[in-house]
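Dock chain one against chain two, each of which comes alone in its own frame, and use the hints as you go.
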Amino acid sequence: MKTMTKEKHTISLLVDNQPGVLSRIAGMFSGRGYNIESLCVATTMDPLVSRITLVTKGDQLIIEQINKQLNKLVDVIKVHDLTETDFVERETALVKVRARPGHKAEILRLVDIFKCKVVDANSTHYTIEVTGTVEKLSAFLNLIKPMGIKEIARTGSIAVSRNNK
Amino acid sequence: MEITGAQILMEIFKEEKVDSVFGMTGGAAIDIFDELARTSIQHIMVRHEQGAVHAADGYARAKRSVGVCIVTSGPGATNTVSGLASAYMDSIPLVVFTAQVPTNLIGNDAFQEVDIVGITRPCTKHNYLVRRMEDLARTVKEAFYVARSGRPGPVLVDIPKDIIQGKTAYKPLRAPSLKSYNPTYKPNIKQVKKAINLIREARKPIIFAGGGVILSGASRELAEFARRLNAPVTASLMGLGAFPGTDELWLGMPGMHGTYRANMSIGSCDLLIGIGVRFDDRVTGKIDTFAPHAKIIHIDIDPTSIRKNIPVAVPIVGDCKIALGELERLMDEEALVVDPYKNRPWLDQIEEWKNTNPLSYEQMDIIKPQYVIERLYDITKGQAIITTEVGQNQMWAAQYYHFDQPNSFITSGGLGCMGFGFPAAIGAQVASQDKLVVDIAGDGSIQMNIQEMATAMQYSLPVKIVILNNKYLGMVRQWQQLFYEKRYASTSIEETPDFVKLAESYGAVGLRATRPQEVVPVLKEGLSTPKPVIMDFWVDREECVYPMVPAGAPMTEMLLV
Chain A
1 MKTMTKEKHT ISLLVDNQPG VLSRIAGMFS GRGYNIESLC VATTMDPLVS
51 RITLVTKGDQ LIIEQINKQL NKLVDVIKVH DLTETDFVER ETALVKVRAR
101 PGHKAEILRL VDIFKCKVVD ANSTHYTIEV TGTVEKLSAF LNLIKPMGIK
151 EIARTGSIAV SRNNK
Chain L
1 MEITGAQILM EIFKEEKVDS VFGMTGGAAI DIFDELARTS IQHIMVRHEQ
51 GAVHAADGYA RAKRSVGVCI VTSGPGATNT VSGLASAYMD SIPLVVFTAQ
101 VPTNLIGNDA FQEVDIVGIT RPCTKHNYLV RRMEDLARTV KEAFYVARSG
151 RPGPVLVDIP KDIIQGKTAY KPLRAPSLKS YNPTYKPNIK QVKKAINLIR
201 EARKPIIFAG GGVILSGASR ELAEFARRLN APVTASLMGL GAFPGTDELW
251 LGMPGMHGTY RANMSIGSCD LLIGIGVRFD DRVTGKIDTF APHAKIIHID
301 IDPTSIRKNI PVAVPIVGDC KIALGELERL MDEEALVVDP YKNRPWLDQI
351 EEWKNTNPLS YEQMDIIKPQ YVIERLYDIT KGQAIITTEV GQNQMWAAQY
401 YHFDQPNSFI TSGGLGCMGF GFPAAIGAQV ASQDKLVVDI AGDGSIQMNI
451 QEMATAMQYS LPVKIVILNN KYLGMVRQWQ QLFYEKRYAS TSIEETPDFV
501 KLAESYGAVG LRATRPQEVV PVLKEGLSTP KPVIMDFWVD REECVYPMVP
551 AGAPMTEMLL V
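Quick mapping for you: the protein sequence lines, in order, are chains A and L. Position 45 of the first sequence, counting from 1, maps to 45 under my numbering, and the rest follow consecutively. Position 560 of the second sequence, counting from 1, maps to 560 under my numbering, and the rest follow consecutively.
Be aware that a few hints might be false.
[As the list claims (entries may be wrong)] In silico DSBU-like links for lysine-lysine, alpha-carbon gap of 35 Å or less:
#1 A/K78 with A/K57
#2 A/K68 with L/K368
#3 L/K308 with A/K57
#4 A/K78 with L/K171
#5 L/K186 with L/K17
#6 L/K524 with L/K368
#7 L/K193 with L/K179
#8 A/K115 with A/K6
#9 A/K6 with L/K179
#10 L/K194 with A/K8
[To be verified] Derived list of chain A stretches under chain L, where covered just means 3 residues or more per stretch with a C-beta under 8 Å from a C-beta of chain L:
#11 9-23
#12 136-143
By construction, these hints were calculated from the structure, which means they are not laboratory data. For every residue, glycine included, the Cβ atom is placed at its ideal position computed from N, Cα and C.
In isolation and in its complexed conformation, chain L is listed as follows (with noise of 0.2 Å):
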């Protein structure tokens, strides 16, 4: 029997488990929603296309799964870049489809089409254009195949609207294999050998995690490791959650907006194990300063990480998870077994730079935005999937809410992106209907993606907004602060909306604090109204994020409070 090509995507659907996507309509993708109507799987109608990436990416790490989305050609199509690029930076596996032109008037700047393959070639893991009708089926669960595996990612197949409406037989194909593509899963154990007679010299360890722990699943493994090596551990940004923010072992997070003793730490130790990150510059700082007295262990699943940015002196390239698992099976084998003293002045020397320079405030009687976070962690206690905008907001939520689960803490890290945060968390709540999501947001961020409070309350999706509202973008302005000579140049935004009465006109609830007494009680309330909530927290204008290096500087030359 034949089917169309929206009926394909559907079967395919279901053969991956996608119970929910997020898109938006158009001329070119009516067939694939009046299809997707037909279903069982769930429709989130975004207000804009951007805003279907950004949560199609929450709900991806919320989940564990793949994150699904559709749109149509043209403008449908180019709003997706941004969603896509962040994806792309973290690592996050989504399927895009975007509809396109009808096959024969591809190339002829019909109308809404765009090259999409082509502006997206750079910010996608694989994109695909479908030309044949009988290409279709392997494509789409290529496609899927290839952002979940390996390094995940994000991948765009564009169909035109002839192939979408097209008929074909159609029956299920096997899990593809491609020849040109063979992602190392197991490490090399020669490899694994040398790392270990690293780890047996080693009198001041420290391990460093990124989101590549996250990815493959490795948190209990990382803890079993750390534990055994009785070595701290940091992670980066995108590594917060896969060792628990509450352990003894705990560094904190490093780099420009890093805590002090994770910086010191990574500044004296004699051996770092960078596992599943990337050593992106915001943590590195100058690269020659970088660990300068480490000899260096790297597991990466992508060897283009290795030896990108720094020099290795033991490369593994595999998942995270197996990797691990092979380390621990080794010194088993071994008999390796860490004697708990050996490392006790270095840990005693950690917890001097924790006493010394911890992170810290000043209360006034003004709100401090630190203080907000600080209680939102203590009424949540530390159980909300909190996803951020990019900012200043972002640097206080990593630094003072403690993340002792993966995939509890959702940003847009590489990319950086603004307006990430709130059609993230509306992901993350589609994939997780009984946890509390909040948003932690700037006044600023907000307001890139704010459309999508119609969709929050459309399919009932109980988020909470946190806005640390400074009416500044803030981040820039620190930077302004620190090293314009206070030249505040396009940063001020006083001409913000009243977020009381926008969440009220949205049907949602609207709250707000201006002195410190207040947070607590609004918080309370606003955590606990099962609707959606916008929490706006008039805060300190000129509060900076401390500890801060200058970019480019040594990581263990920062600016404290």
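Bound-form chain A, shown alone (with noise of 0.2 Å):
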């Protein structure tokens, strides 16, 4: 029964929008030694739930737990393992890269190519907006690299299924 091969799971929550949440969650994947890759917040259309898309990584049995561990948490209204069903999933990264005179261009065509925007310049940097898959945007950071990134922030996946439930 143990598949011991660890697998990416992309999972949705709804959650009480209340102080301490997070907290219950973080200390739930902390106390249990499980793994947040990334971990996303923010309220839906009612005031009063939040949305937290997290990405984790584990086994079969170990994703299975996760998944019934944070149901059981009583703030948590309910859980959606996306992995399980088809998805859209997004992230947005904001990339500080060096724009010295000779890659101006180069920097400019990648942005054209993978349909980024600049949404700052200054003297001696770009900032780049890039949206889409994680792998896009690791495509896009592999590209980006050898020009010189000064600073990156990135949001970590959001992601909803595409279902109609």
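Below you can see the structure in the form of structure tokens.
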């Protein structure tokens, strides 16, 4: 029964928008030795409810426990393991990259190819907004890296399922 | 009409039929106790807040209701942590109220301020900090509901002093319902049918019951189920009393200090029906050698218990009592009759294991701890409520006292919290005034909450303490003897008080036995004294608990006497 291969799972949670909820969730992960790869929290249309999208890794039994343990928390309204279904996932990064005179054109070409946006520029740096799947982000970052990345801020994944339920 | 926060608490206590609370006052909690003193609710004032929580735990189990504690902020609150953690591991319904510094001081490192909600998040079922006056009533009501429903557990409510003193309108609220919290009571019928198919095929079934059977009040259903299947029953430490310990289908407890026949049965059975258990490591031993030939049916109200430690063929999420009822109903529908001769070879095999390696010890002219428990069992006719401390005393109590009734054995099972037994006995005595309540203790663990003797005296609670005095932290010493070449590092406690004089100093009665022939007279005198009594039995210092399965070994590889 044990499948020891670790899989990445994207889990979407609806939780009561209460102080301490995030700490309960983070505490459950740290207390039981599970990992959080990324975590993203914001309120939903209902101001009393927040959505948390988290990405975690584990074998099948661990993932099953994570889902059950999350469900068990009194503040958690709904747990949806999106990896089991068809879903759309996006992440945004703001990348401040060094814009040397000889690199500017190349940077702008990459921005064009990856459909990013330059959201700020000064004499030495461009700040680029890039949105997409985690794979797209890493492909873009790999190409831009040689230009010299000064700073980077990533949101972590957000996701919704494709079906109407 | 507007009433104060403290008065709202009292109103809800009335609605929840709280008749006794356990606690200790302090600066932030004065108003609650001031209000409490005007009600008919009994306050058992302890001498240390840890005692209050364990007492509420003992009370909750003996009474089968929610135990309530009230303590002050800061150190009052932090002293409840061990008690909460113990109740959480054992799924005991408690509501613990901690007073907090006024809202405008929270976060300022005020005097006696501590973030108790932060501290207790991982050791409570749920907890709350009440930030607004208008949230108080709903929160308290919800706390009782969460504590007792689903898989029960302790809930902590932290109330700032300004909210305790503040005023607001109050009208009783309806029973809470939470969109984020809906325990599953009724099992999925498809799963129950799958279970019945396995039951039909089984030739060597056993039932493994746990604390969940006691919590859901399913002992009668369990006994009927076992008789119908003619299946032997074992029970975890927390499940002792769920099935009569004198029944012929009874196997004894399994696990690290389980009986030979219980562990051998688990090792050879072809079907194991786990009911309200969580397959703790002290029961399973080495996981992949646990019940290696068995298909496992697992009934539990908490989905996280299922497939957490062991693979399960048929998981059934639901309340034990309802699930057993559904199993019975479907077996009736399908006219499933178990041929009483089908299990005969299996039961004969178990009988043989029972006869080859029964629980035993060697009687000498020094008091054997097992002998004390056996005589205690005879003299009380098995009718006492037994609480225990933790360690050898706990295991001997589990092995040699036979529990026929649920909630007659009260112990810190999951956490293994020394200092639990005596305050728990106080709580159990408050809940069952007419019952004999006996704490089976070691000389180490009794000292962890001995201050509660003053509480027992103050409220005339005639709790009896049986100390199996070996002047060691005996269970750890046993491990040192068996696995550390007898290096008794930090386990000898020869500097113990004179327990007879100690009892007397509190105004209680102290008795001592140093030779086997004194055991029965001391027990008889102590148990018939209508006051708190310490009975100090000087037992064989190096007696070990057997059988023993070394940690991490397969359960069928037992060290026998």
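Hint check:
1. For the hint linking A/K78 to A/K57, the alpha-carbon distance of about 20 Å falls within 35 Å, and the restraint holds.
2. With a CA separation close to 46 Å, the supplied pair A/K68 and L/K368 exceeds the 35 Å bound.
3. Restraint check: the Cα-Cα separation between L/K308 and A/K57 comes to about 17 Å, which is no more than 35 Å; the hinted pair holds.
4. Proximity of A/K78 to L/K171 is assessed by CA-CA distance (about 31 Å); at most 35 Å being required, the pair is judged to hold.
5. Between L/K186 and L/K17 the alpha-carbon distance is near 27 Å, which keeps this suggested pair within the 35 Å criterion.
6. For a cut-off of 35 Å, the pair hint linking L/K524 to L/K368 stands: about 18 Å separates their Cα positions.
7. Between L/K193 and L/K179 the alpha-carbon distance is near 30 Å, which keeps this suggested pair within the 35 Å criterion.
8. For the given pair, A/K115 sits about 32 Å from A/K6 by alpha-carbon distance, which is consistent with the 35 Å threshold.
9. Taking the CA atoms of A/K6 and L/K179, the gap is about 32 Å. The hint holds against a cut of 35 Å.
10. With a CA separation close to 32 Å, the supplied pair L/K194 and A/K8 stays within the 35 Å bound.
11. A stretch counts as covered by a chain when three or more of its residues have a beta carbon under 8 Å from one of that chain; for the segment 9-23 of chain A and chain L the count is 5, and the coverage holds.
12. For the segment 136-143 of chain A, the assignment as covered by chain L is violated, since 0 residues bring a beta-carbon within under 8 Å of that chain's beta-carbons and 3 are needed.
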